[in-house]
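So the protein sequences, as listed, match chains A and B. 1 is the number of the first residue of the first sequence in our numbering; add one for each residue after it. 1001 is the number of the first residue of the second sequence in our numbering; add one for each residue after it.
It should be emphasised that the hints constitute simulated quantities derived from the structure, not laboratory data. Treat the hints with care, since some could be wrong.
Quick list of in silico lysine-lysine cross-link-like pairs, BS3-like style, CA-CA up to 30 Å [as the list claims (entries may be wrong)]:
| hint | chain 1 | residue 1 | chain 2 | residue 2 |
| --- | --- | --- | --- | --- |
| 1 | B | K1165 | A | K126 |
| 2 | B | K1315 | A | K134 |
| 3 | B | K1126 | A | K191 |
| 4 | B | K1134 | A | K235 |
| 5 | B | K1050 | B | K1339 |
| 6 | A | K297 | B | K1235 |
| 7 | A | K191 | B | K1078 |
| 8 | A | K194 | B | K1235 |
| 9 | B | K1342 | B | K1050 |
| 10 | B | K1315 | B | K1126 |
| 11 | B | K1218 | A | K165 |
| 12 | B | K1126 | B | K1050 |
| 13 | A | K297 | B | K1218 |
| 14 | B | K1235 | B | K1191 |
Keep in mind it's a predicted model, so treat the numbers as computed, not measured.
Protein chains: 2
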Amino acid sequence: MKDLRRCLIGVAAGFFIFNLVFIPALNAEEKVNSKPFGIVIHGGAGYMQKERMPAEKDQQYRRKLEEALRAGYAILEKGGSSLDAVETAVRILEDCPLFNAGKGAVFTSAGTNELDSSIMEGKGLKAGAAAGIKHIQNPISLARLVMERSGHVMLTGEGAETFAKEMGIPLVEEKYFFTEERWKSLQEEQKREKEAAQKKDDENSNKCGTVGAAALDKEGNLAAGTSTGGMTNKKYGRVGDSPIIGAGTYANNRTCAVSSTGYGEYFIRLAAAYDISALMEYKGLSLEAAASLVMEKINRLGGYGGVIAIDSNGKIAMPFTTGGMFRGYLGNDGKIVIKIYKDE
Amino acid sequence: MKDLRRCLIGVAAGFFIFNLVFIPALNAEEKVNSKPFGIVIHGGAGYMQKERMPAEKDQQYRRKLEEALRAGYAILEKGGSSLDAVETAVRILEDCPLFNAGKGAVFTSAGTNELDSSIMEGKGLKAGAAAGIKHIQNPISLARLVMERSGHVMLTGEGAETFAKEMGIPLVEEKYFFTEERWKSLQEEQKREKEAAQKKDDENSNKCGTVGAAALDKEGNLAAGTSTGGMTNKKYGRVGDSPIIGAGTYANNRTCAVSSTGYGEYFIRLAAAYDISALMEYKGLSLEAAASLVMEKINRLGGYGGVIAIDSNGKIAMPFTTGGMFRGYLGNDGKIVIKIYKDE
Chain A
1 MKDLRRCLIG VAAGFFIFNL VFIPALNAEE KVNSKPFGIV IHGGAGYMQK
51 ERMPAEKDQQ YRRKLEEALR AGYAILEKGG SSLDAVETAV RILEDCPLFN
101 AGKGAVFTSA GTNELDSSIM EGKGLKAGAA AGIKHIQNPI SLARLVMERS
151 GHVMLTGEGA ETFAKEMGIP LVEEKYFFTE ERWKSLQEEQ KREKEAAQKK
201 DDENSNKCGT VGAAALDKEG NLAAGTSTGG MTNKKYGRVG DSPIIGAGTY
251 ANNRTCAVSS TGYGEYFIRL AAAYDISALM EYKGLSLEAA ASLVMEKINR
301 LGGYGGVIAI DSNGKIAMPF TTGGMFRGYL GNDGKIVIKI YKDE
Chain B
1001 MKDLRRCLIG VAAGFFIFNL VFIPALNAEE KVNSKPFGIV IHGGAGYMQK
1051 ERMPAEKDQQ YRRKLEEALR AGYAILEKGG SSLDAVETAV RILEDCPLFN
1101 AGKGAVFTSA GTNELDSSIM EGKGLKAGAA AGIKHIQNPI SLARLVMERS
1151 GHVMLTGEGA ETFAKEMGIP LVEEKYFFTE ERWKSLQEEQ KREKEAAQKK
1201 DDENSNKCGT VGAAALDKEG NLAAGTSTGG MTNKKYGRVG DSPIIGAGTY
1251 ANNRTCAVSS TGYGEYFIRL AAAYDISALM EYKGLSLEAA ASLVMEKINR
1301 LGGYGGVIAI DSNGKIAMPF TTGGMFRGYL GNDGKIVIKI YKDE
């Protein structure tokens, strides 16, 4: 009898504990899983063609894009922030010499590397950017520090690096950014420039390589970030759209998060990244329609490039006007998509 | 009889010639006059108060604003371009030590002067900007050269000055920008910063002084330009909204031309100048409603400042959230309006 009572109490207690601990946990997990989240990235738009890309290099690009996507996704899946996901994904691309950002930055006409970056979060519309930096291994992380710690949005040149130093970011030597391939590109570009005026439809994809990411986290917060080495052989401290909030990067929880790549001047003149947000907010366009319309505008004006974007429901858009764009996404259905060329 | 015939022929010929020559001329003149045109300018938004402004200084500001307006207007009246009108008006304000742009630029924390500017035209959406320049007397003219001659939109620092030199713009020595008043402002600001954290509602109007102009010409072309010395005591190569197309300056013939002044970081985060254009184009708002809504957004986010804007019909808007804004306009009715404080 005593045993039976003990047993019943044990069962009741067990049932109680089960209800107390597991059912809410299951519910919570179900609830969290039902919330859309995802990440989309790019490694630059350009005139890459399948038939001219060595198979091994094609695979290297895809592997690195997958690594960046999975790293960002892992953060989102665990309930981490879209800002962390974006920063992490962009850092991976910055550290890879294949892309024109961080380690793989192209050379200016003076033979130096000058990097630009920006980041924005869509909840409070906070943003940070750094332009013309020469000694920062991961410009995207400096942009985030500018956003969170500087009281400003955009810092440039030596001043930006002084700030980085004060924040404890180690400065790297300029030679860190030296890669044989980019150096050759500079020589070729300078030779070509001597021979002829620059052609718009130049096949040299180094001209507009850039990396970027946009993400939606389980809290419904959007974020986007962009990082670049600029244009091969660029002169005069030229700044493109990458560090320009509204042109290269934008995020607003009410609409979407966007990162641009391409002929930056056109993206600035059209306030391209913000324009996608404005078309959604003011005209009620879908993300896909808004992003495509902005790329049409870029095209009509004589520019080229692409954008990646994610909206507050986790929908993805990746329109571009060039022969290809290194791109991919991973949403909460867990299916990864990675593409390079137009016709895939 | 012969005399009568001669007389009649003379009258008929006279009438014919009158019709042929004068009536089309009158019509043409009427037609030209009926085309709206106009110019609106600002000399910065800030916390200026009537009771604290010496009467003589109040008059100096008004006289200079009038000079700039009349110079821009004269160009428009003769059928000149809005770009010329904007550049001319801004140059006059840049040359005057009263305003925080050109000659009167404030000092950075390092005791230097670093100037930013931008310009845009609304027909082809061409734009130019220069940031962090130290040796250019009229930054607005450099921005225009960047737009017309560089193939880029934004040049920064020494690179921008190398380009200026190649374009034949003489570099001035840094001491050109030394003004006793701005130097004192720096000392005061640095003292204040030591004593306490910066207050948002600081009465020091040097914080957001900037100059700008927007104009509509008889051809229906809009243009806008902005020029600034930045924030007193600014650090780290900070760049505000003035050289950012979409934030500090925007122009589109379909909508309006805008120049911003104020706490630049907020104008960047909201893509403020472009947002006014987007609200008109996508939501059908009037210039006045669009400009006021954007200033409301700036205010809600915690920022402050103002904008001047003119639309494709010559309508003017000059909303601001601060105690005052040096501002004025002159349209084709020929009536000049110049204001400083909120309540006038």
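So, going through the hints one by one against the coordinates:
no., hint, result
1, B:K1165 - A:K126, "violated (37 Å)"
2, B:K1315 - A:K134, "violated (46 Å)"
3, B:K1126 - A:K191, "holds (29 Å)"
4, B:K1134 - A:K235, "holds (18 Å)"
5, B:K1050 - B:K1339, "holds (11 Å)"
6, A:K297 - B:K1235, "violated (37 Å)"
7, A:K191 - B:K1078, "violated (47 Å)"
8, A:K194 - B:K1235, "violated (39 Å)"
9, B:K1342 - B:K1050, "holds (9 Å)"
10, B:K1315 - B:K1126, "holds (22 Å)"
11, B:K1218 - A:K165, "violated (53 Å)"
12, B:K1126 - B:K1050, "violated (39 Å)"
13, A:K297 - B:K1218, "holds (27 Å)"
14, B:K1235 - B:K1191, "holds (15 Å)"
In the structure shown, a violation is registered for the earlier hints numbered 1, 2, 6, 7, 8, 11 and 12, in ascending order.
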